[in-house]
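Chains as they are written, first to last, in the working numbering: chain U, 1 to 365; chain W, 1001 to 1321.
If you are wondering where the hints come from, they were derived from the structure by calculation, not from laboratory data. Treat the hints loosely; a few may be bogus.
Said to hold, decoys possible - Derived SDA-like pairs (lysine to any residue); straight-line CA-CA distance at most 20 Å: (1) U:248 x W:1301; (2) W:1311 x U:134; (3) W:1311 x W:1252; (4) W:1232 x U:22; (5) W:1311 x U:283; (6) U:324 x W:1301; (7) U:324 x W:1311; (8) U:248 x U:238; (9) W:1311 x U:177; (10) U:38 x U:13; (11) U:38 x W:1115; (12) U:38 x U:49; (13) U:324 x W:1319; (14) W:1311 x U:27; (15) W:1232 x U:136; (16) W:1232 x U:49; (17) U:324 x U:307; (18) W:1319 x W:1085; (19) U:248 x U:327; (20) U:324 x W:1252; (21) U:248 x U:49; (22) W:1319 x U:127.
Claimed, not checked - Cβ-Cβ distance ranges computed for the label pairs, FRET-style: (23) W:1274 x U:136: 51 to 61 Å; (24) W:1202 x U:352: 57 to 67 Å; (25) W:1060 x U:199: 48 to 58 Å; (26) W:1236 x U:31: 46 to 56 Å; (27) W:1008 x U:31: 19 to 29 Å.
As the list claims (entries may be wrong) - Taking beta-carbon pairs under 8 Å as the criterion, some of the chain U residues facing chain W (in silico): (28) 35; (29) 120; (30) 172; (31) 342; (32) 343.
Note that beta-carbon positions come from the ideal geometry of N, C-alpha and C, so glycine has one too.
If you want the building blocks of each chain, they are given just below.
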Amino acid sequence: MQKMPRWADVALIPLLNLLIAFVLSGLVILAIGENPIKALQTMITGALGSTYGWGYTLYYATNFIFTGLAVSIAFKAAMFNIGGEGQAMIGGLGVAIVCLYIPFPHWTVALLFAMAGGAVFGAAWALIPAYLQARRGSHVVITTIMFNFIAASLLNYVLVNVLRPKGEMNPQTANFPESTHLPTLHDVLAPIGIEFSRSAPVNVSLFIALAACVIVYLLMWRSRLGYEIRAFGLSPEASVYAGISPFKIIMVAMLLSGGLSGMMSINNTMGEAERLVLNSVEGAGFIGIAVALMGRNHPFGVLLAALLFGFLYQGGSELSLWTKIPRELVTVIQALVILFTGALDNMVRGPVERAFIRAAKRGAN
Amino acid sequence: MDFMTIIQIADSALRLATPLLLACLAGLFSERAGIFDIGLEGKILASAFFSAAVAAATGSVWLGLLAGVASSIAFSAVHGLASITFQGNQLISGVALNFFASGITILIGTAWFGLGGRTPSLSGGQRFSPVDLPFANAVADVPILGPIYSDLLSGHTILVYVALLMVPLSWFVLYRTRFGLRLRAVGENPAAVDTAGVSVIRLRYAAMVIAGVLCGLAGVYLATGLAAGFVKEMSAGRGYIALAALIFARWRPWHALYATLLFGLLEAIANRYQNIDLGTFVIPVQFMQALPYILTVIILAGFGGTAVAPKAGGQPYVKER
């Protein structure tokens, strides 16, 4: 017997989970003596009320699309890649090296090489955890957590001792050359007569991220490899009988995941900062977890969830600017979203399923 | 390096190892019962905040301790709800709780004290003060053993000694009591425990409460013993290092002590010397900071024996119908 219609599984339960998370966040705001309705209004105006706000919302969303897709591919192969943060950090290193040391004639060429650099470095940072999981059975969650910390130390070392230009006090690289600067959405939209804020950081990386959604969809649902990854994720034992190599799937899925996380750096490092700074990832690797969970590991869902978190992120900054609510509110919302969509899913699912079964029985009588 | 320097580094290592040890033992109880606990970090942070906040507000460190431990148990309870009752993903639940702690401490802290997430500095009765062991002053002049006793072992806060006592206590509970046997069994083969008529759910919740108390003490020590008040993100990855130490110790209490002392020593050395000059080459401070994590990966890779986790770890127990 079909327990629930598909729409309930795909849309209703995630929305209910999200609703609980937001209601609780509202209660948190009430508890610290602020007005949740007014807070929401401030967030909406700040994030969506101007092209400047939209520019930041979409900029953050670009980051989260990359990391969300990264986490979701690993999830599809039954692995939890918490290492997106470290992989994105090291990906930033790859992007920085490409941009600093190769003279490029035009930003289009630079972008292609930077994508490759970020992806290769990010994937390389996922390589050892992937290998240890595939060959030694060391839990990928623990190793990727460890690799996040190792990445932070490595990046700190490289920025302080190797890539920092003479006379620079902060741990950061020199500015990337002019020819690697990516056009912002303002530059893209101006020729066709659309006004878009000049100072917002959203740039052509957004289109790369959207393309990545399509490519990941085609890869996961329209290719043999994607089929194998999903089959392995649903039942590793059964997939072995179907001739699927667990070693290959674990390696490929983790490398794709690390590569996508690393590629995020074309947005924050190459597109926005135009140099590599210490804390460039700003937790986007972790937000990828929430985005993947909320998006049900589907590229389209990831896109929607990334937009939502882009909104929350930008709205949260505005909130801390105009009210006494610190921007860590977003961390709380993020935590509640992960908790209710990821860990406490059954709490909502159980009653909803029972309600549908009751309704079906009544209908049959 | 003279003898007194060694004593000072060892002393600092012991202080830094204490929160790691408490959190590591918390993880030990939890994982031995078959519940992965990524959320150690969040519990330490929450407890650090609430202990410092309540100590600052009431002037009593003991009330702070109660508040810290209570908050940590509350986090454990949510983790239990997600991973035991609703059979959700334990790793995801832990990650969520870590984020929750990192956000909520600052949200409440800012609203409560208006110091950008910090609590006021604690002093006097708001902190745990050092305890002098008996005869510490009398034997201080005895060569070698005197300084070891009076400088290294004496003069810590009560929580350091509590943490050290927890090691034999944990060993006794886990290996010499019926409860401990069942707890270990429930992490290896919950179905067998269930068949014997013992409640898997109750055992796992008991493990969660123990983990909550121990992790809570770690946070209390951090904010009211080691430091004088709460600052943003003050757990600084200690929950993850404790997790690393737990693997290093291969889920055994005495080895947890050795592992956390080692990691405490690494931190103490990294704090004292920025870059270590070995003549031919220099060990950068970043390497020292990353060393616990690197060592853990090496252990996980199976060099120097295999690290076998409790078998049922991470899997919710579903009773057969």
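Quick rundown of the hints versus the structure:
Only pairs whose Cα atoms come within 20 Å are accepted, and residue 248 of chain U paired with residue 1301 of chain W is accepted, the gap being roughly 18 Å. For the given pair, residue 1311 of chain W sits about 18 Å from residue 134 of chain U by alpha-carbon distance, which is consistent with the 20 Å threshold. Annotation: proposed proximity of residue 1311 of chain W to residue 1252 of chain W holds, straight-line Cα distance about 15 Å (limit 20 Å). Distance check on the hinted pair: residue 1232 of chain W and residue 22 of chain U sit about 24 Å apart at the alpha-carbon level, beyond 20 Å; violated.
Under the criterion of a C-alpha separation no larger than 20 Å, the hint pairing residue 1311 of chain W with residue 283 of chain U is inconsistent with the structure, at around 32 Å. Between residue 324 of chain U and residue 1301 of chain W the alpha-carbon distance is near 47 Å, which puts this suggested pair outside the 20 Å criterion. At roughly 48 Å between alpha-carbon atoms, residue 324 of chain U and residue 1311 of chain W are farther apart than 20 Å, so this suggested pair is violated. Among the hinted pairs, residue 248 of chain U with residue 238 of chain U is consistent with the structure: their alpha-carbon atoms are about 15 Å apart, no more than 20 Å.
For the hint pairing residue 1311 of chain W with residue 177 of chain U, the CA-to-CA distance comes to about 54 Å; that exceeds 20 Å, so the pair is violated. Taking the CA atoms of residue 38 of chain U and residue 13 of chain U, the gap is about 27 Å. The hint is violated against a cut of 20 Å. Taking the CA atoms of residue 38 of chain U and residue 1115 of chain W, the gap is about 23 Å. The hint is violated against a cut of 20 Å. Our distance criterion of 20 Å between C-alpha atoms is met by residue 38 of chain U and residue 49 of chain U, whose separation comes to about 15 Å.
For the hint pairing residue 324 of chain U with residue 1319 of chain W, the CA-to-CA distance comes to about 48 Å; that exceeds 20 Å, so the pair is violated. A threshold of 20 Å between alpha carbons decides the hint, and for residue 1311 of chain W with residue 27 of chain U the separation of about 40 Å lies outside it, so the pair is violated. Using a Cα cut-off of 20 Å, the hinted pair residue 1232 of chain W and residue 136 of chain U is violated, with the two alpha carbons roughly 37 Å apart. Of the supplied pair hints, the one linking residue 1232 of chain W and residue 49 of chain U is violated, its CA atoms being roughly 32 Å apart against a limit of 20 Å.
Under the criterion of a C-alpha separation no larger than 20 Å, the hint pairing residue 324 of chain U with residue 307 of chain U is inconsistent with the structure, at around 25 Å. Taking the CA atoms of residue 1319 of chain W and residue 1085 of chain W, the gap is near 12 Å; set against the 20 Å cutoff, the hint holds. Distance hint between residue 248 of chain U and residue 327 of chain U is unfulfilled; the C-alpha atoms sit about 42 Å from each other, more than 20 Å. Pair hint residue 324 of chain U plus residue 1252 of chain W does not hold up; C-alpha atoms about 46 Å apart against a cutoff of 20 Å.
With a CA separation close to 47 Å, the supplied pair residue 248 of chain U and residue 49 of chain U exceeds the 20 Å bound. For the given pair, residue 1319 of chain W sits about 38 Å from residue 127 of chain U by alpha-carbon distance, which is inconsistent with the 20 Å threshold. At roughly 35 Å, the beta-carbon separation of residue 1274 of chain W and residue 136 of chain U lies outside the given 51 to 61 Å, and the hint is violated. The hint said 57 to 67 Å for the Cβ distance between residue 1202 of chain W and residue 352 of chain U, and at roughly 28 Å that hint is violated.
A hinted range of 48 to 58 Å holds for the C-beta pair residue 1060 of chain W and residue 199 of chain U, which are about 51 Å apart. Judged by the Cβ atoms, the range 46 to 56 Å given for residue 1236 of chain W and residue 31 of chain U is violated: they are separated by roughly 27 Å. For residue 1008 of chain W paired with residue 31 of chain U, a C-beta distance near 45 Å fails the hint of 19 to 29 Å. At about 13 Å, the closest approach between the beta carbon of residue 35 of chain U and any beta carbon in chain W exceeds 8 Å, and the interface hint on this residue is violated.
Because the beta carbon of residue 120 of chain U sits about 21 Å from the nearest beta carbon in chain W, more than 8 Å, this interface hint is broken. Violation of the interface hint for residue 172 of chain U is found here, the shortest Cβ-Cβ separation to chain W being roughly 16 Å, above the 8 Å cut-off. Nearest Cβ of chain W to the Cβ of residue 342 of chain U: about 4 Å, under the 8 Å cut. The hint holds. For residue 343 of chain U, the suggested interface contact is upheld, since its CB lies about 4 Å from the closest CB of chain W, less than 8 Å.
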